[in-house]
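We have chain H already, so just place chain U with the ligand on it with the hints.
First to last, the sequence lines map onto chains H and U. In this text, residue positions in the first sequence follow our numbering: the first is 1, and each later residue adds one. In this text, residue positions in the second sequence follow our numbering: the first is 289, and each later residue adds one.
The set of hints was computed from the structure by calculation and includes no laboratory data. Heads up, the beta-carbon is just placed ideally off N, CA and C, and yes, glycines get one too. Treat each hint with caution, since some may be false.
One side only, chain H facing chain U, incomplete, derived with CB under 7 Å [said to hold, decoys possible]:
1) 19
2) 165
3) 172
4) 176
5) 209
6) 212
7) 276
Straight-line Cα separation of at most 20 Å, SDA-like style, residue types lysine to any residue; simulated pairs [said to hold, decoys possible]:
8) U/554 to U/577
9) H/73 to U/605
10) H/84 to U/521
11) H/84 to U/545
12) U/331 to U/318
13) H/89 to U/528
14) H/90 to U/581
15) H/51 to H/33
16) H/73 to U/600
17) H/90 to U/521
18) H/90 to U/534
19) U/591 to U/581
20) H/73 to H/151
Calculated Cβ distances over 12 Å to all of chain H for the following chain U residues [as the list claims (entries may be wrong)]:
21) 326
22) 336
23) 370
24) 372
25) 572
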Amino acid sequence: MSWFSRGKSPIGKIGKRIFPEGVFIKCEGCGDTIYSSDFEKDFRVCAKCGKHHVLPAYRRIELLLDEGTFEEKDENLQSTDPLKFRDTKKYRDRLKSAERASGTSEAVVCGSGKMNGWAVELCAFEFAFMGGSMGSVAGEKMVRAIERAVERKCPVVIVACSGGARMQEGTNSLMQMAKTSASLALLGEAGLPFISVLTHPTTGGVTASFAMLGDVIIAEPEALICFAGPRVIEQTIRQTLPEGFQRSEFLLDHGFLDMITPRAELKSTISSLIKHMSTAIPLENRPS
Amino acid sequence: MAESFLEFEKKIIEMEKKLEELRALGKQGDADFSSEVKKMQKKIGRLRHDTFKGLSRWEKTQMARHPARPYAYDYISEMLSDFVEIHGDRCFGDGPSIVGGFASLDDKPVLVIGQQKGRDTKEKMYRNFGMAHPEGYRKALRMMRLAEKFKTPIITLLDTPGAYPGIGAEERGQAEAIARSLIEMASFKVPIICVVIGEGGSGGALALGVGNRILMMEYAVYSVISPEGCAAILWKDQSKITEAAEALSLTSEDLLKQGLIDEVVKEPLGGAHRSPKETAHILRRVIRRHLAELTEMTPEELKVDRRAKFRQMGPFTQ
Ligand SMILES: [Zn+2]
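Looking at chain H on its own, in the form it has when it is part of the complex (with noise of 0.2 Å):
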């Protein structure tokens, strides 16, 4: 029986993103296809050439909490569009089709949960939703998270996926790098752990912000990590970029990461260095 045919998943709206049982998938990596059971059951980690595909926040919460531990919170709010923007679409048509191809009601999706018996308030983007960029609701709800955690003293945890600030806000969207950053110097004044786990891809305002200020940054294996796209620096500088190039082995070679952590190993490894960090969480918050 695989994971998902389970009468009830422990988080209850999983069904939506996952792929129907008995499809191949072809794998980004080395094109080979996948039974979707076992792709679905690896976490979207090619059995063959190890490839990290993109996670739904959904299965992301899933891998990392511990079941039936998840309580989303805010996910009632909602943009208000505030510049009536439209390019060749509405904002508002554009945030109606995100949620119907994300089930996410936003491109991150926030709640308390435990991680190995650790209390964790947890952030996970979901590149679904408007390639999870960044906008008034995500920083909201994170900053709503890392006050949570300040509040009753548990580390706070947060899955990068995204393309950066959104710009249907305008600069309202770019607000949110300064708002989610300095919310975490709150969070860091109570001696609490940031965690910061970036994926493929991590990308402009979101990589310049709160994702670079992990007190421990994770980045899983070959993901995009950048704050300019190589694209426009392909051309800005009109030259083709190094293989590799902004990928998680170059920026643990330059400094700007502490690990690389496979998938599979993501959530032991974030609950051992919670423990190394954690004078000042109370005994409720530890595991029992």
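Frame of chain H, contents of chain U with the ligand only:
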């Protein structure tokens, strides 16, 4: 008079030239042109008024980038005295797209940091067109730490197309440099006043923009992305720049309406470049006023105030 001008300034400039010619003729003394001169002056005044009243957001963006617009150094020399520039991030380089140092405002110490575009070709290259590398941001942060140590108010002048998108910048952690600046600026206990004097280019500008007061010059813009970048990505059409600028609501007036800035600093009619000195003096008066308010606050209050300011940014419903 400015040598370089924008398309919508052209008519005004042409008429001003004619006016000069008329005056010169008048001085030669053969005929009396004084009534023509007066008429011309009136006409120019009206044209200037009409032109600048109705600028589109894209035209205002061009004003923000005007080649003759005063840059950080121009404001520093006109607003402040005893400026002592300091250099280097103590790590890799100087990052000359950002300048700064100690100065006095009315004989009181301030620390001033500005993003500096170049005036001539050589300086443009040297300043990398105002697009900072990580060392520029790290130098700025080092300066701000000094201000914190000596309890000196900080003034930042924002004017950049954006943080530089290049290989070296990425290798040396452009994202980390900006992020670090954001979190530390949110934690300092001295007054911080940020002024967008020209182009507030996304994260590259915001990195110096976490203040107790955020001001914008009238013809400054502040945006998550340039109209050009937005047109290319969302419209997939480079020619939709005007539409993108409209959609982005990036002018000082727009940002005041959105509650993201505290005040718009009026520029002389025709823009700051028409009268850089006067503009700097106007800004100095505004900074004085805000600084007087902020120096009433305790160090802890200043930090809390700054965090609270950013805490409420960005609307949503629930
Ligand atoms: Zn594969």
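Against the structure, the hints:
Because the beta carbon of residue 19 of chain H sits about 29 Å from the nearest beta carbon in chain U, more than 7 Å, this interface hint is broken. Evaluation of the residue 165 of chain H hint against chain U yields a held restraint, the C-beta minimum of about 5 Å falling below 7 Å. With a least beta-carbon distance of about 5 Å to chain U, the hint placing residue 172 of chain H at the interface is held under the 7 Å criterion. A hinted interface residue such as residue 176 of chain H counts as satisfied when its beta carbon comes closer than 7 Å to some beta carbon of chain U; here the least separation is about 6 Å, so the hint holds.
Because the beta carbon of residue 209 of chain H sits about 5 Å from the nearest beta carbon in chain U, less than 7 Å, this interface hint is met. Checking residue 212 of chain H against chain U by beta carbon gives a least distance of about 4 Å; that is within 7 Å, so the hint holds. Proximity of residue 276 of chain H to chain U is violated relative to the hint, the smallest CB-CB distance being about 22 Å (cut-off 7 Å). Between residue 554 of chain U and residue 577 of chain U the alpha-carbon distance is near 15 Å, which keeps this suggested pair within the 20 Å criterion.
Among the hinted pairs, residue 73 of chain H with residue 605 of chain U is consistent with the structure: their alpha-carbon atoms are about 14 Å apart, no more than 20 Å. For the suggested pair residue 84 of chain H and residue 521 of chain U, the alpha carbons sit about 18 Å apart, so the restraint of at most 20 Å is met. A threshold of 20 Å between alpha carbons decides the hint, and for residue 84 of chain H with residue 545 of chain U the separation of about 14 Å falls inside it, so the pair holds. Distance restraint check for residue 331 of chain U and residue 318 of chain U: the Cα-Cα separation of roughly 24 Å exceeds the 20 Å cut-off, and the hinted pair is therefore not satisfied.
A C-alpha spacing of about 14 Å is found between residue 89 of chain H and residue 528 of chain U, which places the hinted pair at or below 20 Å, so the restraint holds. With a C-alpha separation of about 42 Å, the suggested pairing of residue 90 of chain H with residue 581 of chain U is violated against the 20 Å cut-off. For a cut-off of 20 Å, the pair hint linking residue 51 of chain H to residue 33 of chain H stands: about 13 Å separates their Cα positions. Between the alpha carbons of residue 73 of chain H and residue 600 of chain U the distance comes to roughly 19 Å, so the proposed pair stays at or under 20 Å and holds.
Distance restraint check for residue 90 of chain H and residue 521 of chain U: the Cα-Cα separation of roughly 15 Å lies within the 20 Å cut-off, and the hinted pair is therefore satisfied. Between residue 90 of chain H and residue 534 of chain U the CA atoms are separated by roughly 14 Å; this keeps the pair inside 20 Å, and the hint holds. Restraint check for residue 591 of chain U and residue 581 of chain U: satisfied, since their Cα atoms lie roughly 14 Å apart, inside the 20 Å limit. For the proposed pair residue 73 of chain H and residue 151 of chain H, the alpha carbon gap of about 15 Å is at most 20 Å, so the pair holds.
A cut-off of 12 Å between C-beta atoms confirms that residue 326 of chain U is not in contact with chain H; the least separation is 44 Å. Under the 12 Å C-beta cut-off, the non-interface status given to residue 336 of chain U relative to chain H holds; the minimum distance is some 29 Å. The Cβ of residue 370 of chain U sits about 31 Å from the closest Cβ of chain H, beyond the 12 Å cut-off, so the non-interface label holds. Non-interface call for residue 372 of chain U relative to chain H: holds, since the shortest CB-CB distance, roughly 29 Å, exceeds 12 Å.
Once the 12 Å rule is applied to beta carbons, residue 572 of chain U is consistent with being away from chain H; the minimum gap is 26 Å.
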